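Here the protein sequences line up with chains A and B, keeping their order.
Under UniProt numbering, the first sequence has 160 at position 160, and the numbering climbs by one with no breaks.
Under UniProt numbering, the second sequence has 200 at position 200, and the numbering climbs by one with no breaks.
For the record, the hints were derived by calculation from the structure and aren't laboratory data.
Note that the structure is a prediction, hence the values are computed from the model and not measured.
A portion of the hints provided could be inaccurate.
As the list claims (entries may be wrong) - Stretch by stretch, here's where chain B covers chain A in the computed footprint (C-beta under 8 Å, at least three residues): (1) 44-50; (2) 84-95; (3) 159-170.
Said to hold, decoys possible - Computed cross-link-like contacts, DSS-like style, restricted to lysine-lysine with a CA-CA straight-line distance of at most 25 Å: (4) A:Lys68 to B:Lys96; (5) B:Lys143 to B:Lys320; (6) A:Lys310 to A:Lys142; (7) A:Lys61 to B:Lys59; (8) A:Lys5 to B:Lys142; (9) B:Lys320 to A:Lys5; (10) A:Lys264 to B:Lys267; (11) B:Lys302 to A:Lys68.
Quick reminder that beta carbons are idealized off the backbone N, C-alpha and C, glycines included.
Protein chains: 2
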Amino acid sequence: MVTIKQMAEMLGVSTTTISNVIHGKTKEVSKETVKRVNELIEACEYVPNINARNLAQNKSKIIGLAIKPRQSKYKKTTKDIFINELTSDIEDYVRKNGYYMMLYISEDIYEIINSVSSWNVDGLILMGMSTDDCIMLKQKFKKPMVFIDSYFDNRVVDYVNVGLDDVGGCHDITKYLIENGHKKIAYIADNCEGCDKYRYLGFRNALIESKIMISDQNFILIQSERNKLGASLEDIFNASKHFTALVCASDYYAVLIMNYLMDKGVKIPEDISIVGFDDNIYAQIVRPHLSTVHQDISEKSKVAVEKLFKMIENESLSEKNTILPTTIVIRNSVKKIAGK
Amino acid sequence: MVTIKQMAEMLGVSTTTISNVIHGKTKEVSKETVKRVNELIEACEYVPNINARNLAQNKSKIIGLAIKPRQSKYKKTTKDIFINELTSDIEDYVRKNGYYMMLYISEDIYEIINSVSSWNVDGLILMGMSTDDCIMLKQKFKKPMVFIDSYFDNRVVDYVNVGLDDVGGCHDITKYLIENGHKKIAYIADNCEGCDKYRYLGFRNALIESKIMISDQNFILIQSERNKLGASLEDIFNASKHFTALVCASDYYAVLIMNYLMDKGVKIPEDISIVGFDDNIYAQIVRPHLSTVHQDISEKSKVAVEKLFKMIENESLSEKNTILPTTIVIRNSVKKIAGK
DNA sequence: TTGAAAGCGCTAACAC
DNA sequence: GTGTTAGCGCTTTCAA
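Take these sequences, add in the hints, and give me the full structure.
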C-alpha cells in the first residue's frame, strides 16, 4: 500500500502538499500540482490509513453502540429482534453520516468503558444501562453519549435519551380492551423494570381510570429461561382462565402465549383476547392478526443518531429527553364482549 | 487520558519497561518494577490507545464483515432476519476471540475494498459477492477472506467458503412432498441465482427422480418490491390452483404466502401444502406450523469465524469449501394426499 | 504556493 | 534489567 510519503517522493513534492490536495485544500496549491497529485493518487490507488489519521487527529470516526444485555432476556442478545433491528438501523444512519459503527456488548460496564476509550470513539449510543452505569459513564467518558429507552432515577439528571411513551401506549391498548367490555385483564412481562415497569403503569392507570379493581393477581410474571419457559407457559394457561384479556409487554410474548394457548385448543379471540406491544414482524405473521401498540424503531434509531451528531458538532439539542409517540393498531386478536 | 510516556516519566523508567509489563513480558523486568508499574497503571486507569498500537504493529484487531445487499431482496438489508442473525452471531464469535467486528455494507465492491484497506482489517468475512467481486477482492486485498453462501463460476478456483447443502435440502423436502402423494408442485423464489438457484436444482432433481414432468410453469417468480408484492401474491394465489403443493425458497416467503392464502380463505394444508427453507422463527410462529428445511446459522457463523482465525494464524484449513448439512423438519403444513 | 519538521501513542530492535 | 531510539502514516504549524 502506497503512503503519502512515497507519493511525495515520486512527485518531488512535500507530504503537506499531498495531504492538502487529499483534503481538498486546493486553494493553497497550484492547479498544476493538484492535477499531478490527483493523477498519482488515482494511479497508485492510494488509500489513506485510518489508524494513522485517527492517531494524528485524536479522533476515530467511530460511533460506539454499547449494549448491556438484560441477563437472559429471551435466550441470546443476538437473537433479540428488537436489538437487531435497532442495531442495523443505527449502523445504517451512522454510515450515511460518514462514520463507522462498532458494537460493544458486555455485561460489564467497565469493560465497555475501557473498550470505547481504547478505540477513542467519537460518540456513544447506549442501551440497557442502569442509573449506576450512567453515573459511571458520565464520570469516565467525556464525549457525547445518547441513551436509548432508559429510565434513570433522580441521582442523575443531565443526560440525553430517546425513549418511548411506554405508559401511554400500554394505557391506550388497555383502554381499548376495556372499551370492548373487558374487565378481567392481566398484564404479562418477564420483569418489572425499565420499559416493562412503565408499560405496567400504563396498564394500571387504565384500569384505575375505569374503576376496575387491580391487585397483584393482575401481574403475571413469565419466566423466559429455557428450562422454565414451558412451566411458565403452562401456568399462564391455567391463570388465563380467570381473565378475558391479556396484555403482553411485547409482541414476542404475546405471540408465544397465543400459540401456546391455541395449540392447547383455546380459541383466540373467542375464548380470550390478547394484545402485544411493539408491532413487529411477529405481530404481522401470527393469526389471528395481533392487535398491538406500534412503535417506530427506525425513527428511534434516527433520532438517537441525529442527537449524537448534533452533540459531536457542538450544536444545541432542542430537547434532551425525546419521548417518541406510540399508536395502537387494531387487528383481530380482541373480541368485543358484553360487559358483565 | 494517561499515556505510557507519562507514566514512564512519573516512575522514572523507560517506556519500554512500561510496555513490557503491559504485555506481560515480566520475565525481563524486576519484580519490584513490575509491581510499581502495575500499581501506577491501576491508579491512572491507563487505557491503551488502540489506534497507536495498530499503527505501530500494522494490524487492527478488526474483522470486517462485508455485505453486498441483494438489491431489493426484501425491503432493507437491515430488516433481513437471516443477515441480522448471522451478523450478530459472527460479532459474538469475533468478540470472544478478542477481536472487534466492523460492518461494511455497500453495493459497491470498490467502496468495500477501500474501506477495509483503510481500516487495515486483519481479515474479512464476505456475503453476497459475485464471481467478479471475488476476483477483484483477491486481486486487491491480500489478507485472509472467507465467503459465506457463495457460488462462484470457474473463473475463480481458490477461495474459502462456508455454504449450505442447498441442493440436498430442497431435494429432500420436495421428495417428502412427493412421498405424500404430491405431483403438482411449484417452486417459488424471488430470483434464480446463488442459493435460490441451487435450491431450485434440488427441487428439480427430486421431481425428475420421481419421473414427474417439470416445465417453466413449475417455477414461480415472486416479486418482492414493495409496489409489486401485492400483485405478485395475487398471481401466486391464482397459480396455486394448479398445484397441490408449494415449495418456497425461504420461510419468509412461505409464511407470507401462507398468510395471504389463508386470509383469502384457502385452507392449509387441506387445500394446498406449503414448505419453506431456513427453519427460522417465522416457521415456528406461523400456524399451521411450517414444515421446512433446517439450517444452523449459528454453526455457519462459527465455522466462518474459525476458518478465518485459522488463516490469520497461518494454520492450514482442513477444507476450503465447507458445505453444512441440512435436515428437514416435518410439522403441519403438508397434507398426505391420495396419488391421482 | 510549497516544504520542514514536530508530534499523535505505541512497539520493538538494539545497545547498555 | 533497563533505556534509547527509530519508526508506523498522517496532520498541522510555521517558516520560507
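Hints, one by one, checked against the model:
1. Judged by the Cβ-Cβ criterion of 8 Å, the region 44-50 of chain A is covered by chain B as claimed, because 5 of its residues qualify and three suffice.
2. Taking a C-beta to C-beta cut-off of 8 Å, the region 84-95 of chain A contributes 8 residues in contact with chain B, enough for the three needed, and the coverage statement holds.
3. Coverage of a stretch by a chain is defined here by at least three residues with a beta carbon nearer than 8 Å to that chain's beta carbons; for the region 159-170 of chain A and chain B the count is 0, and the condition is violated.
4. With a C-alpha separation of about 16 Å, the suggested pairing of A:Lys68 with B:Lys96 holds against the 25 Å cut-off.
5. With a CA separation close to 15 Å, the supplied pair B:Lys143 and B:Lys320 stays within the 25 Å bound.
6. As the CA atoms of A:Lys310 and A:Lys142 are separated by approximately 15 Å, the hinted pair is consistent with the 25 Å bound.
7. Between A:Lys61 and B:Lys59 the alpha-carbon distance is near 18 Å, which keeps this suggested pair within the 25 Å criterion.
8. For a cut-off of 25 Å, the pair hint linking A:Lys5 to B:Lys142 stands: about 22 Å separates their Cα positions.
9. The straight-line distance between the Cα atoms of B:Lys320 and A:Lys5 is roughly 39 Å, outside the 25 Å bound, and the hint therefore fails.
10. Using a Cα cut-off of 25 Å, the hinted pair A:Lys264 and B:Lys267 holds, with the two alpha carbons roughly 20 Å apart.
11. Proposed proximity of B:Lys302 and A:Lys68 is supported: the alpha carbons are some 22 Å apart, at most 25 Å.
In this structure, the earlier hints numbered 3, 9 are contradicted, and the remaining ones agree with it.
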